[in-house]
Amino acid sequence: MKKATLILLVITAFLFFNCSNNKTTTDEPANVYFTSDISPEGVMRLFEYIKDNVQGDNIGIKVHFGEDGNTYFVPATMIEPLCAALNATLVETNVAYKGRRDNTETHIQLARDHGFTFAPIDILCDGGTLEVPVVGGRHFQTALLGKNLENYSTIVYFTHFKGHGGSGFGGCIKNASMGMATPLGKRLMHKNDFPQTKPKNCNDCGLCVRDCPEDAITLEPLEINLNKCSGCGMCITACPRRAIVRPADDEKTRIFLEKLVEYAKPAVELVNSVYFNIIMTVSPSCDCASNPREPFISDIGILASTDIVAIEAAAHDLVDKAHQCDDAFMSVNSVSGKHQIDYAEQLGMGTKRYKLIDIDKK
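Under the working numbering, the very last position in the sequence shown is 362; numbers go up by exactly one each time.
Warning: the hint list may mix true and false statements.
What the hints assert, rightly or not - Just the calculated beta-carbon pair ranges, DEER-fashion: (1) Lys191 - Met330: 16 to 26 angstroms; (2) Val135 - Pro221: 43 to 53 angstroms; (3) Glu150 - Lys98: 27 to 37 angstroms; (4) Arg242 - Ser298: 23 to 33 angstroms; (5) Asn201 - Ala84: 24 to 34 angstroms; (6) Ser331 - Gly56: 39 to 49 angstroms.
By construction, these hints were calculated from the structure, which means they are not laboratory data.
This structure is a prediction, so every number in the text was calculated from the model and none was measured.
Where is the CB? At the ideal position from N, CA and C, for every residue including glycine.
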């Protein structure tokens, strides 16, 4: 009897501990802080509200250094004061497609060319591969992340919230998944996520050929060599006539979005994390595009939070409001990325319920 009682107490304690640490079991909304001041000073004022969540002395700031020809990435000047205050290292990983960002030496040189000269740069996958379990995932049992990630006590995800031809939008979830994965990990997320061509819509303008990093596209007629294609989606963004589109397969889109979330989950759980979403120069295109499409809304502001799901939900809601529709990225990219937010909440990464706190009114 005593043994049975002891087992019951252990089980009860285990369940209480797990429930009390699962963000999705609470009805309390997460705090998301907002300022319309898109400036280094605005960043620092926002940081005051989340700084107590930064732990340890070895801090990494996860940024995107921008592609050659892209001017819409968040400028280096926006990050410099925060980086100095934290004595932080700028962190990134190499990409899976051809270009200056596919190897460490040229990737760092590109970053320096784009103004990121004020701090050390760590290309995380340069140290090898960190294989991390994916708990609760449908598609992956492990994620392949840049090994140097384990050297940091806190990662600050400093993210440009914008569109993406394959995932609808790219925010903190994508910054923590594609952004922290090794090139092989990136390919595994993109596997079987290939664009579809509609040759009748093509006018042979050549924009897709110009932007394809794998030289996988030929014209007359329009064709994509799937043996070369990496699934990056740049051609979808480049095409002005929608002759190259997402596969007409909702299931493939859902799987791709879930793969992004499943890679983000171990990345943000392995190392303490806080989040910024900068809603400026919101192009339908990713910062990986060398010839991005023009922004489709005016600049909105900056968000900061300790909850990755809440900050994504808040950013998307603000963009939808500015675009006066229910799904702005579905409108401009013909693909909705909102399942990223839903699935991340399902996996216990945070809550979609948020309280938007406008610090400009304080």
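Hint check results:
no., hint, result
1, Lys191 - Met330: 16 to 26 angstroms, "holds (24 angstroms)"
2, Val135 - Pro221: 43 to 53 angstroms, "holds (46 angstroms)"
3, Glu150 - Lys98: 27 to 37 angstroms, "holds (28 angstroms)"
4, Arg242 - Ser298: 23 to 33 angstroms, "holds (25 angstroms)"
5, Asn201 - Ala84: 24 to 34 angstroms, "violated (49 angstroms)"
6, Ser331 - Gly56: 39 to 49 angstroms, "holds (42 angstroms)"
In terms of the numbered hints stated before, the structure departs from hint 5 and from no other.
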